[in-house]
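Student: Can you build the whole structure from these sequences, using the hints too?
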Amino acid sequence: MQDRIRISCSRQNLQQVRDFVRDFLLAGKRSEVIVNQVVLAVDEVVANFIIHANEEDSSQFLDLILVLVNHRLEIEIEDHGSNLFLPRGATPTPDLREYIRQGRRGGMGMALVSRIMDRVEFFERNSHTICHLTKELA
Amino acid sequence: MKVTAQPAADTLTLVLDGELDASSAVVLDTELNKPDLLTYRKVLIDCQKLSYISSAGLGVFISHLQRLQDSDVKLVFYNMQEKVFNVFEILGLDSLMNIVPTVEEAQTV
Chain A
1 MQDRIRISCS RQNLQQVRDF VRDFLLAGKR SEVIVNQVVL AVDEVVANFI
51 IHANEEDSSQ FLDLILVLVN HRLEIEIEDH GSNLFLPRGA TPTPDLREYI
101 RQGRRGGMGM ALVSRIMDRV EFFERNSHTI CHLTKELA
Chain B
1 MKVTAQPAAD TLTLVLDGEL DASSAVVLDT ELNKPDLLTY RKVLIDCQKL
51 SYISSAGLGV FISHLQRLQD SDVKLVFYNM QEKVFNVFEI LGLDSLMNIV
101 PTVEEAQTV
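Protein chains in written order, with full-length UniProt numbering: chain A, 1 to 138; chain B, 1 to 109.
None of the hints are false.
With a straight-line cut-off of 27 angstroms between C-alpha atoms, the simulated DSSO-like cross-links for lysine-lysine are: (1) B:LYS83 <-> A:LYS135; (2) A:LYS29 <-> B:LYS83; (3) B:LYS42 <-> B:LYS74; (4) B:LYS42 <-> B:LYS83; (5) B:LYS49 <-> A:LYS29.
Under 10 angstroms between C-beta atoms, here's a sample of chain B residues computed to sit facing chain A: (6) ILE53; (7) HIS64; (8) GLN69; (9) MET97.
These are calculated hints, taken from the structure and not from any lab test. Backbone N, C-alpha and C fix where the C-beta goes; we use that ideal spot for every residue, glycine too.
Tutor: Now the structure itself:
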């Protein structure tokens, strides 16, 4: 089972991405909690690409491919923008008490992604940033 | 994302309807930034129709929590769907925020 979508780099398109992932996974009658987790992980990565890597330049675009084989979900997000966006090292665990004290609102997205997905990889291919996410679905 | 404010005596209830993400979080942020928010004793967040929250939505609540606490305003969530509560749980925010099942319990916090 495989599906793909292309979106331009506008945060208005996040809803379309979530609906796409939801529809793909709900076809398999999975738990709403698990489906929501995967939707969230994809949403966080896509939002980072749109907002941080492409600075909401709607002339740039992303490709998202979902592949499901024997309960193993492989997700590839390719950023066609010109800026490479490669987070280095392990995602730190956010100190949420400190975040609250500081009134800080960012820095939790990739922590969510790394806790939800079994594997999270960022790499370069043909001068584009690729994010590859993997999860075994029960 | 729609946010409806329902003031009643010393309590303000914000009813959230829809998906709270990096695109819609500004709507909630605007409500929580209103100066009269600090005149209430309690702000209740009705999450029954909140069907999704991302880190951007969580970040809005986190960014206002200390200001509310400093003004002795309690922030209480209720009627939260399991899949939304799960997002708070993943980060451990369920132990740092007041999240209760019902409006009756929210009123007694």
